[in-house]
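Engineer: Here is how the chains run, residue by residue.
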Amino acid sequence: MMPLTQLQRGSRGKVTDMASVSFMVRRRLSDLGVTEGSIVSVRKMLPFGGPCTIESNGQWIAIRRKEAQAVRVLAL
Amino acid sequence: MISVALLGNPNTGKTSLFNALTRSYEYVGNWAGVTVEKKVGVLLDKKGELVDLPGVYSLSPLSRDEAVTSEYLLQTAPDVVLNVVDASQIERNLHLTLQLADYGRPLVVALNMTDVAEGRGVQIDPAELARQLGAAVIPVVARTEKGCRELLREIARTGERTVPVRTAYAAPLEEAIAELEARIPADAGPGRWLALQFLEGNEAVVQRLRKVLPAAWLDAFFRSTEAAVLARTECRDLQQYIRQQRSDRIANILSACCRRVSSSSSTFSEKLDAIVTHKWLGIPIFLLFMFLTFKLTFDWFGTPISDRLDALLSGPVSDGLQRLLQQLGAADFIQAVILNGIVAGVGGVLVFVPQIFMLFLIISFIEDSGYMARIATVMDKLMEGAGLNGKTFIPMIIGFGCNVPGIMAARTIEQPRERLLTILLTPLMSCSARLSVYSLFVGVFFQSHKAIIVLSLYVLGVVVALTLAKLFSCTLARGEETIFVVELPPYRFPQWKTLARSTWEKGKGFVRKAGTFIFGGSVLIWLLSYTGFRGWNVPIDHSFMRSIGDLIAPLLQPLGFGNWQAGAALITGFLAKEVVVSTMGIIYATSGDAGLQQALGTYFSPLQAYSFMVFILLYVPCLATVGVIRKETNSAKWTWFSVGYALIVAYLLSILIYRIGLLLGFH
Ligand SMILES: Nc1nc2c(ncn2[C@@H]2O[C@H](COP(=O)(O)OP(=O)(O)O)[C@@H](O)[C@H]2O)c(=O)[nH]1
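Residue numbers (numbering that gives the first Met the number 0), protein chains in the order written: chain A, 0 to 75; chain B, 0 to 666.
Derived from the structure by calculation, the hints contain no laboratory data.
Note that this is a predicted model, so its numbers are computed, not measured.
Take the hints with a grain of salt, since some may be wrong.
[Stated by the list, open to error] In silico lysine to aspartate or glutamate, EDC-like type, Cα no more than 20 Å apart, as pairs: (1) LYS37/B with ASP78/B; (2) LYS38/B with GLU70/B; (3) LYS65/A with GLU480/B; (4) LYS496/B with GLU70/B; (5) LYS270/B with ASP16/A; (6) LYS278/B with GLU54/A; (7) LYS270/B with GLU486/B; (8) LYS13/A with GLU90/B; (9) LYS65/A with GLU383/B; (10) LYS65/A with GLU486/B; (11) LYS13/A with ASP247/B; (12) LYS13/A with GLU233/B; (13) LYS45/B with GLU149/B.
[Stated by the list, open to error] Just some of the chain B residues that point at chain A, by a computed CB distance under 7 Å: (14) GLN88; (15) THR143; (16) THR376; (17) ASP379; (18) PHE483; (19) LEU487; (20) ARG491.
We treat Cβ as the ideally placed atom computed from N, Cα and C, and that holds for glycine.
Only chain B is shown next, with the shape it has when bound in the complex (with noise of 0.2 Å):
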């Protein structure tokens, strides 16, 4: 199997194309040293390997995942570079196709979106441009699919393949990549293209260099290089030049192969743009959007879902199994365990993936249509205020599906102080394994406003992370300005397809959690409810669990719900917050009582119901996303600190709200 290697800008259409040459992700792990996703497929043929890079306008790396890609290519030597170029944007895409035209390996061109360039009167040749290039060039459509059978065979053809054209660089530039080529060791990598990275600046290739020569060395010849090159010209610095040499060179390409028959700009995005990104409507038309998204998650969709799953697990399903485990002669105990245990826990759980999936639905069709980027723009403004920069709602977005990727997401801010702001406030973002704790609470207590009670958590959420973020930026984490910079891509209607699959990708950990971690710890949960000091088999209130529980209650009487249950919850919810639902449904059914929801309805009343509701938003990230935190900062000071200031936060809100709320005359 031959190894390919996937490259592109932002928003080419590389995942598009990454689904059309794959049936799906081979595996999906870290890169080394970072939690940035690694993605491999096996190609539709079978006869290489695809592995996605994240995506990039050129080599030298601004931001943490910009960094995977240049490290990727240090690294690695691929048999073959697949570079997808959007057709209808072609200038600015070939910046990077000429960085990877240096690097020497063979390299093929997927000219993407040619459906959109054609619409917009822009005419490619594709020979000539492969040609010019000295790489293949296959015009394809990702979308549909087009052109990706032609594109397979020719990454296939390996051995017949020549290295590209490289760019040549006027005098003195290239008597300069010349001469520190001679010098590179061949083992450190192909020569001229890491003479070029290191003059451009590329901080991966630097210190790659710098193992290899002397640093001092190579800082002298940075110097003269570039004093001998800017005295020719009027550019700022190097960086510049070599990327003027690179646009003249595409200019160059383009009038050989590139027609411009009419530039008729789309006109759908500017009229959607005009009232999504309006003045005085964009905020409010997003609180709308997330709204409605409560509203099909739950009163349209997802719930209706959910309480037909409930009626078949607690029904049908448990009978059934109970009269199965009858027959076979279980003995008590194994009825036990999987019946008040498995059954309670892993069901309790189970039956929120149709709200779940709904909201990672809506989630993945906000990150393909464009529209996540003109939140970041909305939105800009409000997070300056706090210190931070629109950009980093996008995790915050992200996180509202799972903290976990919310917080790897991060890692496409530039400015590492906003990075660690946004690592830390993420986990204050209401993940979909909590809404099935508003989900179980609202079903019980707030029929009638559910989703405006929801809605209500998520705000909360964020307004704590924005106030945080300003204290924090004011105290602890000083540091360099905000940037803002963001492409607001064409809009654009998601494929099902493609939906289809970032919902699965996205939805299946919890499933799988599901299967492995909640149903171990239901076991585990059950045991404690099921032993206590006096043996097996004793009655609840004398179990491990009510000792646990007790242990804490005290201290969340004055939060209006010092019940042991509570607090026993609140403890295994740490491993994560689906395991509030499963312990209350393990401990409500050991208990005998009726049904977890006529139990919660004796235990709570509505205000300590929304009092505790806080509180599980708030008080400590999950086991999983504590994890994420420590890799991501690499710091076990800051990993504390995030869980610290959220119990903190998480209490005294809590508190607010309950004493405000019985002030007020509610209950």
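So here's chain A without its partners, still in its complex pose (with noise of 0.2 Å):
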């Protein structure tokens, strides 16, 4: 298990735990279908701790680094 955020650029995580990351952002990404068990991937990071895109079911998502952080993934 590892954050998101180290997860290699372009391959794929499960993820596993989200229970650190706040209320309203898990929130929203359960809304967008990223939930505990989804697969994942993480596109792009902007520079000076900007925000990630991650990837989803063919759908993408911008969130701040900070939470991408909180979110725990398992390495494909």
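Could you use the hints to bring the two separately framed chains together as a complex?
Structural biologist: Below you can see the structure in the form of structure tokens.
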């Protein structure tokens, strides 16, 4: 298990734990179909600790680096 | 006529479908209590009314516009629920569909984006999906209106419809739902749906049930149900559990009706994203895009047409009108009202219609193409520094068109603190009305640098807004941390039809304003310049207008434009910023100078003109904006605050720019 941000660019991981993601972000992500068990990959990180773009199920979502760090994944 | 409610996730083609099913908005009003637009259209076959609701992912609202959708379902029982489903993202979209199925009204699913789904190798069997859901399913491509005729026919078939198949939940939850349902009075609404939404934590439903059931009992019931359910699963909370149960049913449904042939994801969006959200180039590209916008608006397209319109209005149209009035033997007074008041005032504003429509066209393009979400992403780090998030930049961009819809767009922001700051700061975004003032002044003073001078004003507005955001969020509006989650939809080239329609929806307000508000304002302003303490038809130097202008001119002296004309224009400009142009048009027309442009040249120097434009940019939100701030913040205190801080900032910055400019040797 590791933070989503450490996932290698382009490779995929399975979300295992989102408990420490803030409530609102977790709700929004689950609206967009990202919950425990989803398969995600990291596409892009903006500089200066800016947001990172993740992909899940053919759909792209931008979230803050800090929140992405709180998402734990298992590399596939 | 039957009532049809249109619901769907954001970015699934809801607007396109609305446009394909109706001819135009029958009326656009406000939902009771909130200034969220309520758009209703009549279906093409005239058999029903289609109500356009804000896009939502689920019925539990997080933001204010999502609350509108939940409230609507609570208060009205539409005859048919029309659910737009994005076939290429069917799994996520069905979560909303299942909640709507529980709602218990007849359901019609418009399976949209079937072309995109096919391209991605997703094949869906509509008949099987319909059987699973107990609802009609019609595949459509809203963009090309394919399938829309079948959809209309299906909607019209009211009588023969059954209620959708409801989701059955696992044991302890199902019993809890039944228990609560039995207690909810029949007139409170669909019981099972209310019970489920309550257990899911839908705030709007919680409020509703508190009215009919004892709050203490409801709380205890919620807690005992949650405990009973969580004891058997690993879920964090009830909400997650219910969601998981739905996911299970969705997996079942999809295994029966959906086949994935291959999964080639679209690479076009990826390639474009590599450029526009590039690490370093993202923000420069956005600025370049804005620069091109102004080039297009001013140099390449808008201004040449405006100039022609101006020549037409001030030449043949007013001459013809004058001749006509003389032939009719109209009194001097009437002639003066029409020529010096209405033609100068309204005409002065109307000539900017081409620029403003160009700007609205580009804003519509940003909204529809998918670029908006990228701008929000690129700007997020910067906005976070100011105590906001990237999404708050969207209302600001819309504010470039008009501050009123910009402020209303702030309701998509989840955090109350960020929403308040966005409402307070969006008026600093330079709107199209102010554009008419800049157009006038850059045309006179900055012939060779029009686009860059105007861009500098827009950037100044943003910089001031971000600085103040930082200041306010450290002092006045402290509170929760900011959050940022946006969906990046695939890029799509907007259709001309949709672009034309949304440009027109935005721009017609400007034209209407010219025909009503500015028309009336012009007559009033003309009257003020025609009358004075000595009676009627006084020279302009003895008019009330002059007295008013003289009153505040001394205050403006330090800013470089201490003439009474500027003072009078600024006061009337509170009605609407375009009125500044009308007022100047009327004042200079009445004083008999050669033309507005030449007259300005004698009263302002370029530096003074720039200082004046900065003041116009910042000084106070216009009347309509103040009204919407009042409504959206629901607080007189914040409304006064928004007017007050703007005046102070405008004054200080104009002085600063003027004085520094003088020191640097400009004049
Ligand atoms: N390829 C394709 N694009 C569509 C379809 N329906 C809508 N679009 C495009 O999807 C984008 C978003 O549509 P819009 O109607 O604004 O979605 P809304 O946000 O749900 O109102 C626009 O660029 C549309 O042209 C469709 O069936 N197929």
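Engineer: It remains to establish, for every hint, whether it holds in the given structure.
Structural biologist: Status of each hint after checking the structure:
Of the supplied pair hints, the one linking LYS37/B and ASP78/B holds, its CA atoms being roughly 18 Å apart against a limit of 20 Å. With a C-alpha separation of about 15 Å, the suggested pair LYS38/B and GLU70/B falls inside the 20 Å cut-off, and the hint holds. Pair hint LYS65/A plus GLU480/B holds up; C-alpha atoms about 12 Å apart against a cutoff of 20 Å. For the hint pairing LYS496/B with GLU70/B, the CA-to-CA distance comes to about 31 Å; that exceeds 20 Å, so the pair is violated.
The hinted pair formed by LYS270/B and ASP16/A fails the criterion: a straight-line CA distance of about 31 Å is larger than 20 Å. Restraint check for LYS278/B and GLU54/A: satisfied, since their Cα atoms lie roughly 18 Å apart, inside the 20 Å limit. Restraint check: the Cα-Cα separation between LYS270/B and GLU486/B comes to about 17 Å, which is no more than 20 Å; the hinted pair holds. This hinted pair checks out: LYS13/A and GLU90/B have alpha carbons roughly 17 Å apart, not beyond 20 Å.
Using a Cα cut-off of 20 Å, the hinted pair LYS65/A and GLU383/B holds, with the two alpha carbons roughly 12 Å apart. Distance hint between LYS65/A and GLU486/B is fulfilled; the C-alpha atoms sit about 17 Å from each other, no more than 20 Å. A threshold of 20 Å between alpha carbons decides the hint, and for LYS13/A with ASP247/B the separation of about 18 Å falls inside it, so the pair holds. Proposed proximity of LYS13/A and GLU233/B is supported: the alpha carbons are some 17 Å apart, at most 20 Å.
Taken as a hint, the LYS45/B and GLU149/B pair is honoured in the structure, with Cα atoms around 15 Å apart against an allowance of 20 Å. At its closest, the beta carbon of GLN88/B sits 6 Å from a beta carbon of chain A; the interface hint therefore holds under the 7 Å criterion. Of the supplied interface hints, the one on THR143/B is violated, with its beta-carbon coming no nearer than about 22 Å to a beta-carbon of chain A, more than 7 Å. Taken as an interface hint, THR376/B checks out: its beta carbon lies about 4 Å from the nearest beta carbon of chain A, inside 7 Å.
For ASP379/B, the interface hint holds, the least distance from its beta-carbon to any beta-carbon of chain A being 5 Å, beneath 7 Å. Nearest Cβ of chain A to the Cβ of PHE483/B: about 5 Å, under the 7 Å cut. The hint holds. Hint status for LEU487/B: holds, given a least beta-carbon distance of 4 Å to chain A, under 7 Å. Interface restraint check for ARG491/B: the shortest CB-CB distance to chain A comes to about 13 Å, outside 7 Å, so the restraint is violated.
The structure fails hints 4, 5, 15, 20 (numbered hints given earlier, in ascending order).
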